[in-house]
Amino acid sequence: MSTAIEVAGLTKHYGQVTAVDDVSFAIPEGKITGLLGRNGAGKTTLMSLLTAQEFATQGTIRVWGEDPVENAAVLSRMCFIKESQVYPDSFKGSHVLRSAQWFFPRWDVELAQELVDLFGVPTNRPVKKMSRGQRSMLGVVIGFASRADVTFFDEPYAGLDAVARKRFYDVLLEQYSESPRTVVLSTHLIDEASHLLEQVLVVHEGSLVIDANVDDLRGSAATLVGRASDVDLFATGRDVLDRSHIGGIASVTIAGLNDADKALAASAGLEVSTVSLQELIVRRTGANPAEEAA
Amino acid sequence: MDDSRPLFQQIAEQLEAQILDGSLAEESAVPSINALAAFHRINPATALKGVTQLVDAGVLYKRRGVGMFVAPGARERLRAQRSEEFSAEYVRPLVVHARALGLSAAQVHIMIDKEMS
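Heads up: the protein sequence lines correspond to chains A and B, in order. Read in order, the letters of the first sequence are residues 1 to 294 in my numbering. Read in order, the letters of the second sequence are residues 1 to 117 in my numbering.
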């Protein structure tokens with residue numbers, strides 16, 4: 001499997017704030033990778049660094065083996081759709097689409113028009129008068145029509161309703177099936193998007209807390225409930241995400257369990273329930289599940 | 001889809017279920033990877049993994065350049081395999097619970113006959 005992007009020891013400070021803290025990972029070529037984490041975890045900063053829109057304080061970034069900074073050959077093959085992209089005040093949607101062709105050598109005019117129609121983007125409206133959802137859709141159109149080798153979508157569906165989001169997923173799969181490319185999708189809607197992903201990177205407070213294949217991750221965490229002494233015995237030396245006690249009963253959530261581990265827990269008299277991917281990530285990033293769902 | 005189990009396994013199980021209930025007949029074509037991915041809104045690599053698992057198990061076979069097909073005899077083999085799983089997953093725990101309640105085999109037989117009639 002070849003690697004599109006490789007990052008080692010990447011750190012970004014903004015004054016006193018450490019937005020990205022000594023992060024190392026690889027993004028595989030030709031796959032859909034999810035960049036997940038809570039708001040303010042460092043997702044946007046990370047993508048800005050990878051696309052050389054921000055400069056690293058420390059560490060190295062290699063895109064197809066090259067440093068992306070001031071590297072037109074590399075940057076012209078990447079497309080970064082920012083959540084809060086700012087356009088010149090006088091620009092209408094049509095101006096944005098026309099100027100996008102200058103930046104992306106493989107721009108697909110027909111696809112852009114097709115997607116404008118599908119999403120109902122009002123291209124003759126000034127971008128600053130568009131709603132949040134309409135601006136998001138304009139970004140989505142650019143992301144796909146750029147036909148870039150690596151496309152970053154940063155929270156691509158801010159302000160989009162459920163119907164428009166489904167359309168986005170369908171277009172993503174259709175485009176990806178037609179011409180496989182590297183896609184990095186940042187989102188906090190984990191339950192919705194996780195089915196589309198092959199790899200996930202989870203960041204929390206600037207650090208990388210999960211870097212895994214989605215299939216390996218799904219079903220790898222479980223909540224075990226039983227007599228406190230049995231639970232503690234089983235949990236010893238394992239990766240405990242969460243623990244609570246009531247009377248003599250304890251409940252722990254443990255990551256990195258395989259089927260044999262779960263069978264062992266069940267035979268020790270513990271009640272085993274598998275934790276969903278969304279819950280696993282929520283617990284790993286230290287949030288209260290109820291609060292995150294709200 | 002159930003979010004707590006690997007999706008490729010669920011894809012494989014759904015295809016198996018369709019073979020078992022006859023909606024995917026032997027020697028008939030299985031939907032393409034891209035069609036499965038689009039229908040379930042999942043990553044094509046996940047769909048491929050599910051289908052590959054069934055190819056490795058001899059349930060499906062590949063005709064080069066044409067696609068995937070249900071292997072002859074697949075239904076009977078799946079049925080035998082599922083019966084064994086049924087015994088392990090349902091009958092064995094049932095016996096454990098019955099013993100805990102002090103029920104005899106004869107009493108359990110009567111209950112089963114009643115439910116199945």
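In short, the hints are calculated from the structure, not lab data. Built from N, CA and C at the ideal position, the CB exists for glycine as well. A few of these clues could be false.
As the list claims (entries may be wrong) - Within a straight-line C-alpha distance of at most 20 Å, the following computed SDA-like cross-link-like pairs (lysine to any residue) qualify: (1) A:K129 - A:G159; (2) A:K166 - B:F39; (3) A:K31 - B:R92; (4) B:K49 - A:G30; (5) A:K31 - B:M111; (6) A:K262 - B:R92; (7) A:K262 - B:Q9.
What the hints assert, rightly or not - Sample of chain B residues with no beta-carbon within 12 Å of chain A, all distances over it, derived: (8) D3; (9) L20; (10) T46; (11) V66; (12) P72; (13) E85.
Verification of the supplied hints:
no., hint, verdict
1, A:K129 - A:G159, "holds (14 Å)"
2, A:K166 - B:F39, "holds (12 Å)"
3, A:K31 - B:R92, "violated (43 Å)"
4, B:K49 - A:G30, "holds (16 Å)"
5, A:K31 - B:M111, "violated (53 Å)"
6, A:K262 - B:R92, "holds (18 Å)"
7, A:K262 - B:Q9, "holds (18 Å)"
8, D3, "violated (4 Å)"
9, L20, "holds (23 Å)"
10, T46, "violated (7 Å)"
11, V66, "holds (18 Å)"
12, P72, "holds (30 Å)"
13, E85, "holds (14 Å)"
When each numbered hint is compared with the structure, violations occur for hints 3, 5, 8, 10.
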